[in-house]
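Visitor: Following the hints, complete the assembly by docking chain E onto the known chain V.
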Amino acid sequence: MFVKTLSVIFFVLMLTATVFAAEPSKSAPIATVVSQSSQVPTVATSAPAQTGAASAVAKPAASAPQVKVKPNRAITISMFLAIIGITLCVVVWAAKQTTTAADFYAAGGGITGLQNGWAIAGDYMSAASFLGMSGLISLYGIDGFMYAVGPMFSFIAILLVVAEPCRNAGKFTLGDILSFRASPKPVRAVAAISTVTVSLFYLIAQMVGAGKLMQVLLDIPYRVSVIGVGILMVGYVVFGGMKATTWVQIIKAGLLMSGTVLLALLVMQKAGFNPVGFFSDIVGNQLVQDHVRINVMKDALPKPGFDYGQRFMEPGLFLKNPLDQISLGIAWALGAAGLPHILMRFFTVPSAKEARKSIVIALFINSTFFFLINLIGFGAALYLSPQLISSVDKGGNMATLLLAQKLGGGAGSLGGDIFLAFICAVAFATILAVVSGLVLAASAAIAHDVYVNIIMDGKADQHTQVKVARITSLFVGVAAIIMGLAAEKENVVALVALAFAVAASGNFPCVMLSLFWKKFNTAGVVSGLLVGTITALGLVVISPVMTYPQKIADDAKKIVMTLEKKQAEGVVLAEKDLKLLDKSKADFAKNDGGTSMVGLKAPIFQLKNPGIVSVPIGLIAAIMGALLFRDKRAEDMFDEIEVRQITGLGIAKASDH
Amino acid sequence: MTAKSYDWGTIAQHTKYLELKRRKRVFLFGWWIAASVYYFLLPILSGYFPDLFKIKIIGVINFGYVFILSQFVVAFFVAIYYTKVANRDFDRLTAELVKEIQ
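So the sequence lines, in the order shown, correspond to chains V and E. Numbered by the numbering used here, the letters in the first sequence go through residues 1 to 657 in order. Numbered by the numbering used here, the letters in the second sequence go through residues 1001 to 1102 in order.
Fair warning: there could be bad hints in the mix.
[What the hints assert, rightly or not] DMTMM-like mimics (lysine to aspartate or glutamate), calculated; alpha carbons at most 20 Å apart, straight line:
#1 V:585 <-> V:631
#2 E:1099 <-> V:640
#3 E:1054 <-> V:281
[Unchecked claim] Sample of chain V residues lacking proximity to chain E, with all beta carbon distances greater than 12 Å (derived):
#4 69
#5 186
#6 278
#7 418
#8 485
[To be verified] Label-pair restraints from in silico Cβ distances:
#9 V:112 <-> E:1052: 39 to 49 Å
#10 E:1085 <-> V:620: 48 to 58 Å
#11 E:1058 <-> V:299: 25 to 35 Å
The set of hints was computed from the structure by calculation and includes no laboratory data. From the three backbone atoms N, C-alpha and C, an ideal C-beta is built for every residue, glycine too.
The following block holds chain V by itself, in its conformation from the complex (with noise of 0.2 Å):
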């Protein structure tokens, strides 16, 4: 009776999409923003990694795109429906095994360890990993590399300390771990408003993203894609709960690194399987050379004797404060072990046992991952040249589309077309992961904590938990679409930072503390969380990675002085420095005096990552809120957390509850 009512939800969600879908002329002015902005890049959103290629966008555009991505359509939508067709599959058979909340939260704890591994490497690895990263390689050599071993390394914490104590002594949500001890509503309360902000944060990013990549490659308005997006996520997480969206990341993560693999392969293959030879291709290359020189070091005239080429291999191109990148490794290192949406698949295992399993699985294949993505990134600089992959999108994101179509054949070829909308389907069932397990954490969190165990008291029966939960996925799939249609021309890239920094400098102390320090209790919690959450949150309004129409308005005047006084010496200006001009003089126009979102001029704090600062601050404020308010029964306690944790004496089995 109730799944029929969702079922005419969902139904009545996807005629609304259909009816948008019937006026893209509202969106059409769209597609020139895109090509044009320099604030976004196009695909730049799911890693704090990409922080940094919006600033690295945001130069004066020289010139307009020429080259553009064209995936046969035909052959891409088929791709696409086969995705939806096999996932909804998928859905009808997790739905009708979805009758208990350990269910829908933990698909009823009998996901194996190997499986998990591969849904939480499904989870993690986002269409901004596959398709920023290599960009970023594609255009700053081995800073882009750089970037990829963050992500790779976050791992160790997880599997160290995170993974099998969390299994031993939580259930199905951050809520469940922090409360074991302290006074569940309080704390329980603001673990969902955690988690809910940076699930939120991540998913709303993730949107932006997928409504943008959908709009370049296959013209499809931004508005149908991210309902689209929205609606088959909502359908995934209502109906199949964790067991659905534990399969969907399965499926991705297995078409992810199909795409990988074999577009790496490729590389090798046409560098002879010969690496050496393959880099020392890459640094005499004339065209890498060029625009290192040109685009990257702005020499007008090479300086004698310096190697441009070999400089494509040496760090300081992208990557310019060392400070920052401390910060942001901060970030991975801790962040991800605090991600709600990660911790939660923990609870899918049987075991300890198999936690660990599955994190060592998922990092072999996310390293993997990360280390052919380098191959890919360098392989797009020396067979299509940074030229091309810049002309094409600032930020680098279309490289890894642009190599496979050009492995495939070459644009217009059978395989050109067939192994890009390969790789535009690998990247359309990457976001459709990603945005299903943040809307599962986020559910979790409101629906288990806040509904069964704050408002009912824990007192609620299978039955009402499961509809609960079904109910608050479809409010918080709606309030993502939303939000992702209201925040189509924000900056989303400081989204992104701000969810691993509120999980990294609140979150993860707070886990930490609770599992292995006996003192630890609610004020603890309490005060670890808020102050965290707000420190990272502060800090991240008042960094560089925000809008600020000031510095945008002075970057243009520059632009405007420079070409005016060449004007003025009787230079005849190309067509493409008038248009320039003229842009330039527009924006000046448009954003002189403004103020970014928070009413600033200029970023006070100088660095875009604020882990460096804000984790310490976090850490503190949870050390101290438990050393003013100490607590004698979570003092008690602790010899029963620690016991769970260390031994998993006692363990929740999911099906059991």
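Guide: Frame of chain V, contents of chain E only:
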């Protein structure tokens, strides 16, 4: 939550438990810190000692590239080594402890 309830305080004083706890703590936090130090060498060295990264090792491949690759090797090593130790020692100790308690 579970049918059986345990006397957590007593288990927490059990010699086998204390042994397990100590070994786990030393191993897990030790390796976590060691791996983190190695990881943070990457932004520190590349940011403050970029000349080190420029030293060529094989052909045009320089120390920087090899160092990045070594990060992957270290992560693999820690994962494999931990799995081995956990399967061999921690799981065995845990099983023995649980057997004695029940």
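Visitor: For each hint, tell me whether it holds in the structure or not.
Guide: Tested hints:
no.	hint	verdict
1	V:585 <-> V:631	violated (63 Å)
2	E:1099 <-> V:640	holds (18 Å)
3	E:1054 <-> V:281	holds (18 Å)
4	69	holds (29 Å)
5	186	holds (21 Å)
6	278	violated (10 Å)
7	418	holds (31 Å)
8	485	holds (37 Å)
9	V:112 <-> E:1052: 39 to 49 Å	holds (44 Å)
10	E:1085 <-> V:620: 48 to 58 Å	violated (33 Å)
11	E:1058 <-> V:299: 25 to 35 Å	holds (28 Å)
Against the hints set out earlier in the document, violations occur for numbers 1, 6 and 10.
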